[in-house]
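Q: The residues making up each chain are set out below.
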Amino acid sequence: MPAKTNDRLTEIRARVARRTAETPDRPDDVTLVSKQDTDDALAAASAHFFGTVEQIIQTRPVQRIPIGHIAPDNRPEMRQARLIPLPEALLANDGGIPVYGTMVDELSALGQSLRARQIQPILVYPGTSSIYPAARYLIMVGHRRWTAASLAGLDALDAVVVEEPTQTERVRIQYAENEAREDFSDMERAWALTQMKDALGDTAAWEAVEEQFRISRTRRHELTRLLAFTQPQQQQIALLRLQETQIRSLHSAVRAGELPPVQVDNVLGRLSEIAAERATLPVQNDSGGTAPEGVRRNGIDAPTVARLVARARRAAPTSAKEPSPRWLQLLQDQMVHTSKGLVRARERVALLNDEEADALTAELALLTKRLEEVNEALRQRKS
Amino acid sequence: MHIYAVALEKGGVGKTSIAVNLAVAFALVDLKVLLIDLDAQCHATQWLGIPLDQVRPDDSMLGVVQGRPLADCVRQTQENVTVLPAHPAMVGLPAMLISAPNSGIFALKNALENARASGAGYDVVILDLAPARGPVQVTALAAATRCIAPVQAEDLVLQSLKALNESVDQARQINPRLRGVSIVRNRYGLRGTIDHAYDQALRDEYGPQILRTILPIRAALRHAAGVQQSVFRYASPDAAEVRTLFIELIDELLQLDETA
Chain A
1 MPAKTNDRLT EIRARVARRT AETPDRPDDV TLVSKQDTDD ALAAASAHFF
51 GTVEQIIQTR PVQRIPIGHI APDNRPEMRQ ARLIPLPEAL LANDGGIPVY
101 GTMVDELSAL GQSLRARQIQ PILVYPGTSS IYPAARYLIM VGHRRWTAAS
151 LAGLDALDAV VVEEPTQTER VRIQYAENEA REDFSDMERA WALTQMKDAL
201 GDTAAWEAVE EQFRISRTRR HELTRLLAFT QPQQQQIALL RLQETQIRSL
251 HSAVRAGELP PVQVDNVLGR LSEIAAERAT LPVQNDSGGT APEGVRRNGI
301 DAPTVARLVA RARRAAPTSA KEPSPRWLQL LQDQMVHTSK GLVRARERVA
351 LLNDEEADAL TAELALLTKR LEEVNEALRQ RKS
Chain B
1 MHIYAVALEK GGVGKTSIAV NLAVAFALVD LKVLLIDLDA QCHATQWLGI
51 PLDQVRPDDS MLGVVQGRPL ADCVRQTQEN VTVLPAHPAM VGLPAMLISA
101 PNSGIFALKN ALENARASGA GYDVVILDLA PARGPVQVTA LAAATRCIAP
151 VQAEDLVLQS LKALNESVDQ ARQINPRLRG VSIVRNRYGL RGTIDHAYDQ
201 ALRDEYGPQI LRTILPIRAA LRHAAGVQQS VFRYASPDAA EVRTLFIELI
251 DELLQLDETA
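From first to last, the protein sequence lines stand for chains A and B. To convert, note that position 186 of the first sequence is 186 in the numbering used here; the numbers rise steadily by one, no gaps. To convert, note that position 56 of the second sequence is 56 in the numbering used here; the numbers rise steadily by one, no gaps.
Hint data in this document are derived by calculation from the structure and do not stem from the laboratory. Virtual Cβ for every residue (Gly too), placed ideally from N, Cα, C. Misleading hints may appear alongside valid ones.
To be verified - Calculated lysine-lysine pairs in the DSBU-like style (CA-CA distance at most 30 Å, straight line):
(1) A/369 to A/382
(2) A/382 to A/340
(3) A/340 to A/197
(4) B/32 to A/4
(5) A/340 to B/162
(6) B/32 to B/109
Stated by the list, open to error - Derived Cβ-Cβ restraints for the label pairs, each shown as a range:
(7) B/101 to A/345: 49 to 55 Å
(8) B/252 to A/345: 35 to 41 Å
(9) B/212 to A/116: 48 to 54 Å
(10) B/227 to A/208: 47 to 53 Å
(11) A/217 to B/100: 38 to 44 Å
(12) A/345 to B/67: 51 to 57 Å
(13) B/11 to A/43: 47 to 53 Å
(14) A/116 to B/255: 45 to 51 Å
Only chain B is shown next, with the shape it has when bound in the complex (with noise of 0.2 Å):
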């Protein structure tokens, strides 16, 4: 099973448009996918299609740490993905998960090794997170495979990108099997002097975690998650580029998990 958790204590670098369409692309090789949405503000679980009005906040990762089986709580979407919704409530997340035993480190680890004790596995599980260091995201890299940081060319990213690397860093002594941090190159245009400035400093620090597919700005991505569909499903000029990218994506991870 991998699992990729897609984290950076920045917001606005594409987590949740990197989360979804990996996840579409990952259950187009047939692989069984289940995307995980750990953000309070529920994109990922709209941008699926899932409506909100029809989530319970026991339906989410809340009804998970109080012990609902991962089974009870996911639905399935158009696009062969299953998803646990998140939900607004999520926002007490963090207290929840503080009180539970272990401080709810290992809540998600444990809930994934059930679901595949019961044979509801998954060959693939994505973990969209919010912008923000605490429970929820220990308790997401503690289950996690590897940790998948986008990131564009700014001052700001790379900042963020050094903490998430000593987080990841720190999670590893509780999740030996966390393999590190892999950089997509998102919404990535370098125009200015300054750009290529940081893109150098970002191969000069990172060479090694970044990852060959980049993903350039591309309408396509902004309007599908408008219309609640992955890449593969909105019908646009640019998106067969995207898709190409995205497959070349869930490649190139797939041979780095297969050769690590």
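The shape of chain A in the complex, shown without the other chains (with noise of 0.2 Å):
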């Protein structure tokens, strides 16, 4: 160290030792008022500082419950916004569905953890099902640790229980709550923004679910294309847990028209395929015995889903082709973020100097009149 540093710390090593000979540490000596003050500003600490489930879990008590009396809510408007096979359709897997066995494994695995110490209780609230009669509870949050501790055979869960939350308020402590987790997908937050919009009644703008979840616009248009897939097309990606940015050249393509549903089965098919083909790699390749991965840690990438989306199109009956032409999704695309972009910038521009604001004005010029040539056109059209 250069000796100027040197003297630096030699200076600095004789004044903290002065300084501790003359105050030695003391206990802590500084205390709150009274206890009413401390539970005010406990009180006031957990507001701020806690999320919704954790204040519900540090305000009531801790029951352990027995699993039977657990059960999942199934009425449609009550079902969460997860893909989680009840216990019983995983372990039956009748459909032969690959990522079933990722999903026992992962699951059986959470069981044995909860089997020797469950860090946080569920919420539930009272409720009967018509799937399970011994029920006296339905889950508000913590699905997931329900069906690990079934499957591991669990006598009982620790659970706080609630009153029956209103849709939207289970929309969003469960969106709030899943989204901290590693494996909560696209697919599965897409139905969340739909069950929440239903929840806010039929006339709520989507402005308002954004707010509800805390997304940007942009995002919310992202997980909304994901809706553009069929039904069962849906349960299949949710269950490969693929996101928005995997598979956007397939929605692309399915949102442009330019695949048939059986193409796009074709295509998730084989997805499902290379999953259960990498889901064992491990098991082959690893004589320690360890588990298989999960099939998003492998990773379906973009580029293999891009592959297999231009040789669908490729097989595509050319019917099936450009009823939208493709520049038209990109144009909107580019307009989504030119449009944010414009919004932030209107908040800055203060901090331009001169000559940045007389480029930008004259950038923004030219784009104006672009923007009304394509109007002109478009009214030309119409006439």
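Two chains, two frames, a set of hints: combine them into the complex.
A: Pasting the structure below:
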């Protein structure tokens, strides 16, 4: 170290030693004025720092409830926007769905962990189930842990009992809780968005949904594009835990009407095969008995999907192609991004210097002219 | 005892880099230093050369919340810093804290007090936090005497700084010893007009909270992390300059707390 720095160190050491000798460290003698002050301060801190679920758990007693007394809420309007099959369906796997095997492995590992220690209680509310007649409580948060506990044969789970939530509360709390989970997929997010829109009422605007979930308009657009798939296709995408960016080429082709449903089924079928092959790889290669990795972690990458989509496009009948030109979707995407950029720019133009402001003004004038030209062309087309 | 919580709710601002090198700098002036890694990503633990496969969940803050004495969990590094390591299982720490008495808010404060009472106290404690609001952050702020926020001249960083100041104001209701947020300009380089505008906004809004010492962008810090050494052990052409700046920084912090 340079001499100057060493001198500085020596000086600080001497000062610190002097200071320590003068004022020995004492225990914390600063206390809050009264118990009431402490309680108020703790309540305010909890409200500021903790999420909704944390606050619920903090204020209510935890009960040990038998697994048989708990069930998922299967009413269509109250069903969680996640694809977690019932334990019996996972074990039976009548459809021979390859991903079920991986799910069972993951949930069994979680079940063993729960057997050792359940870190956080699940949230339930009083209710009955047509599928599980013995159930007395329905799950608000903790479907995955309940499924894992059922598969592992646990007797009971720690739970906090709350009142039956409204549909809006339920979707918002479940979304916030799931958002922190690594395996929450974009398809499930898109389902949650539509559930929230339904919960808010027929006339609710998407902006209200974005506000509830605190997501941007662009992100909401990205997610809702996945709803272009048919219901069975959406189920398959959720099972494969495919994210929106991974299958962008596929949903773009679907929305552009370039692929008939049968070709989309073929692509998804091939992706399921790839997922199943990859899920078994660690078992074949690892004599140490490592559990197979999940599909998403093995990664079906976007180029693989794009190649399959290109092949399907070539195989698709010509009549299915080009009901909507490809440039249109690209242009619409660019306009969403540009619009967002312009909104942000409005708040920041004050920071520009004169030269930058002049350049931006010129660009905007040109853009305005181009927009007017396209608008005029659209008007002429109508007339 | 000075307890510094290195925090900001935005990631990638250099919290761990500041925490690790501050800890070693304090140790160099013969202070007894404890670094507590509160981030389940375990970066500070690894940076100080502690192999993760030698850390059990109970050796981390998880064990402390369950009542293990700090002295049983910590380990000493070659650079004379005592470390309470992190473990990836600390993703469950927020839930564990919530289930503890008083939602675990005073878990760390009590653990440090107990360590002091049993004769294993520290002069300086550095808390390396994850970029998130929640039970871990409030537990850290309930124990801290000062919060240190590394910043760059960027819009999102300034937004996070506002959020951190609000959190610290809230935490001061339960921890009157918490003196507030000190801002350290880290990886600080002003290139374009926009950078200067944000720098001006930072000075206008938070002037009295900004520390004098500025840490510029230097490869030494990044490379030192790669070889699991502090910048005081790592040898490179620009390491000497960074070391001097960290010495300046601890001097500034010590003087600030001596006069407080």
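Q: Under the constraints set out in the numbered hints, which ones does this structure not fulfil?
A: 13
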